[in-house]
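Asks: Here is what each chain is made of, one letter per residue.
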Amino acid sequence: MPEIKRRTLLAGMAALPAAACTELAETGPAGDIFDAAEDWHRAAHRTLASRQALAPEYAPDERSPDIKGNGTLRIETPEYRAAKANDFADWRLSVTGLVDNPLSLSMDDLRALPQRTQITRHDCVEGWSAIAEWTGPQLSALLDAAKLRKEANFIIFRCADVLYDRAYYESVDLIDAYHPQTIIAHDLNGAPLPEKNGAPLRMRIERQLGYKHAKYLTGIEALASFDDIEGGKGGFWEDLGDYQWYAGI
Amino acid sequence: MKRHSLITRIWHWINAAAVIVLFMSGLTISNAHRHLYWGNYGFDPADAWLHVIRFPAWATIPQRYDLAEARDWHNTSAWIFALALFMMWVASIITKHFWRDIATKPSDWTPRAWLTSIKDHLPGRTTGEAPGIDRSYNPVQRIAYGIVLGVFLPMMVFTGLAISPGFEAAAPWLVDILGGRQSARSLHFVFAWGLFGFFVLHLLMVLLSNPLKQMASMITGGKREENSDA
Chain A
1 MPEIKRRTLL AGMAALPAAA CTELAETGPA GDIFDAAEDW HRAAHRTLAS
51 RQALAPEYAP DERSPDIKGN GTLRIETPEY RAAKANDFAD WRLSVTGLVD
101 NPLSLSMDDL RALPQRTQIT RHDCVEGWSA IAEWTGPQLS ALLDAAKLRK
151 EANFIIFRCA DVLYDRAYYE SVDLIDAYHP QTIIAHDLNG APLPEKNGAP
201 LRMRIERQLG YKHAKYLTGI EALASFDDIE GGKGGFWEDL GDYQWYAGI
Chain B
1 MKRHSLITRI WHWINAAAVI VLFMSGLTIS NAHRHLYWGN YGFDPADAWL
51 HVIRFPAWAT IPQRYDLAEA RDWHNTSAWI FALALFMMWV ASIITKHFWR
101 DIATKPSDWT PRAWLTSIKD HLPGRTTGEA PGIDRSYNPV QRIAYGIVLG
151 VFLPMMVFTG LAISPGFEAA APWLVDILGG RQSARSLHFV FAWGLFGFFV
201 LHLLMVLLSN PLKQMASMIT GGKREENSDA
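Protein sequence lines, in the order shown, are assigned to chains A and B.
In terms of the numbering used here, the first sequence has 54 at position 54, counting the first letter as 1, and numbering is strictly consecutive.
In terms of the numbering used here, the second sequence has 54 at position 54, counting the first letter as 1, and numbering is strictly consecutive.
The hints are simulated quantities; they were obtained by calculation from the structure and are not laboratory data.
You may find that some hints are simply not true.
[Unchecked claim] Chain B side only, calculated, beta carbon under 8 Å to chain A, not exhaustive: (1) His33; (2) Ala68; (3) Trp79; (4) Ser136; (5) Tyr137; (6) Gln141; (7) Ala170; (8) Arg181; (9) Gln182.
[To be verified] Computed footprint of chain B on chain A, listed as stretches where at least three residues anywhere in the stretch have a Cβ under 8 Å from a Cβ of chain B: (10) 134–144; (11) 150–163.
No residue lacks a Cβ here, since even glycine has one placed at the ideal position from N, Cα and C.
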């Protein structure tokens with residue numbers, strides 16, 4: 001077989017599945033199969049690891065020199081600039097939705113709760129990782145104080161940042177919400193969170209990728225379903241770019 | 001007796017399809033952060049041991065940069081790839097295909113055995129057409145297939161699982177054995193390109209030795225030559 005023909009054949013063999021994939025992904029069935037595969041991954045992880053199985057924690061000298069900021073790095077709204085200038089003294093975190101006892105907590109209220117400090121690895125969906133020490137109260141303590149109702153299935157995190165004209169938000173199910181390492185971090189490596197990492201408050205959802213760890217946290221909402229929230233897919237990147245709601249892989 | 005058993009043939013083509021989709025969607029994922037690190041963390045390109053090129057759209061799935069869709073293709077095909085690999089291994093141990101055709105003998109690991117294998121592959125040498133020549137795999141083939149089936153393909157699964165933070169909570173030791181998450185990610189990349197190298201050689205060998213007959217025998221099963229003692 002002449003060389004040129006062979007090369008054309010090989011290129012054709014490579015292009016064929018790619019073209020077919022694009023075609024398939026844009027039609028219905030592939031989307032359903034992708035969703036099923038995501039569910040299987042989540043089910044497999046949940047079966048193999050216990051609900052409380054911890055993400056690895058590291059020693060202080062294993063931390064990375066910095067923790068890269070991603071997504072929103074600076075918020076330009078006058079409200080946020082004023083709050084930051086005031087060292088977030090008046091920042092409030094609300095706990096609302098399917099709770100019997102809605103809360104509105106100050107930074108001091110959050111610091112007065114029992115604290116958890118953990119040195120964990122932050123894995124971005126892009127592939128990079130950084131290790132840092134995070135401190136804050138467990139989300140479970142807030143949900144208990146707010147008296148979560150039985151109908152609640154998901155916890156939504158509301159944020160102060162707006163990207164591409166959409167408010168950032170994220171959601172997890174109750175397994176991750178009640179996981180011992182799921183904390184509302186206010187300190188990074190022993191100092192208040194820098195703005196690029198989500199000052200003054202951010203979520204840590206340690207068994208999932210970085211985009212689940214909502215920054216600039218303003219509210220926690222308990223809901224039965226997130227179908228009616230924003231784009232209906234349970235998170236900013238899920239709505240905008242069709243990212244996987246379960247980001248444990 | 002068929003040259004390739006039905007199980008081998010079914011697995012071969014399922015695996016080929018899964019690996020092509022995994023490789024091409026993997027190139028999109030590589031484009032998301034084109035730097036590789038050793039250890040547990042790594043985010044600063046200055047610390048990278050390798051800067052990877054940006055793979056062109058024609059080589060990727062999908063045919064444009066879309067990380068979320070690439071991850072869908074990758075994580076869906078991974079199920080097919082891993083389950084098929086596992087079932088193939090179980091089957092080849094039960095049917096003794098592994099012991100009969102893939103497992104090496106001590107004499108396979110000698111330069112002389114390799115030289116003979118390579119000589120038999122040179123153009124003009126149509127191995128086995130003469131009666132009485134052993135039609136089973138030669139030492140170089142046994143070693144190559146053994147490494148691909150027993151090391152490269154399983155390592156793709158293990159390094160892939162280790163990158164998943166949800167799986168890590170179930171098996172943190174896997175990440176430790178591999179030297180940390182960024183090491184696992186680097187190894188995933190290295191083994192993927194090792195497989196690509198095998199793929200190129202494999203296609204070349206097929207093209208050099210009666211490609212139509214080879215393709216046909218991987219579909220219909222083909223026939224083992226008479227006098228074969230394999």
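Asks: Should the hint that Ala68 (chain B) touches chain A count as held when the rule is a Cβ pair under 8 Å?
Replies: Hint holds; Ala68 (chain B) Cβ to chain A Cβ min 4 Å, cut 8 Å.
Asks: Taking 8 Å as the limit, does the beta-carbon of Trp79 (chain B) come near enough to a beta-carbon in chain A?
Replies: holds (6 Å)
Asks: State whether the coverage of the stretch 134–144 of chain A by chain B holds or is violated, taking the criterion as 3 or more residues with Cβ-Cβ distances under 8 Å.
Replies: violated (count 0)
Asks: Going by Cβ atoms only, is Ser136 (chain B) closer than 8 Å to chain A?
Replies: Interface hint status for Ser136 (chain B): violated (27 Å vs cutoff 8 Å).
Asks: With chain A as the partner, please determine if Ala170 (chain B) meets the hint condition of a C-beta pair closer than 8 Å.
Replies: holds (4 Å)
Asks: Double-check Arg181 (chain B) for me: the hint is only fine if its C-beta lies closer than 8 Å to a C-beta in chain A.
Replies: holds (5 Å)
Asks: Establish whether the coverage given for the stretch 150–163 of chain A by chain B is satisfied; the threshold is a Cβ-Cβ distance below 8 Å, and no fewer than three residues must meet it.
Replies: violated (count 0)
Asks: Restraint: Gln182 (chain B) near chain A, CB-CB cut 8 Å. Satisfied or not?
Replies: holds (6 Å)
Asks: Any CB of chain A closer than 8 Å to the CB of His33 (chain B)?
Replies: It holds, given that the least Cβ distance between His33 (chain B) and chain A is near 4 Å, below 8 Å.
Asks: When the nearest CB of chain A is found for Gln141 (chain B), is that gap smaller than 8 Å?
Replies: This interface hint is violated because 22 Å lies over the 8 Å limit.
Asks: Go through the hint on Tyr137 (chain B) and say holds or violated, using the shortest Cβ distance to chain A against 8 Å.
Replies: With a closest approach of 25 Å, the Tyr137 (chain B) hint is violated.
The structure is inconsistent with the numbered hints 4, 5, 6, 10, 11, although it conforms to all the rest.
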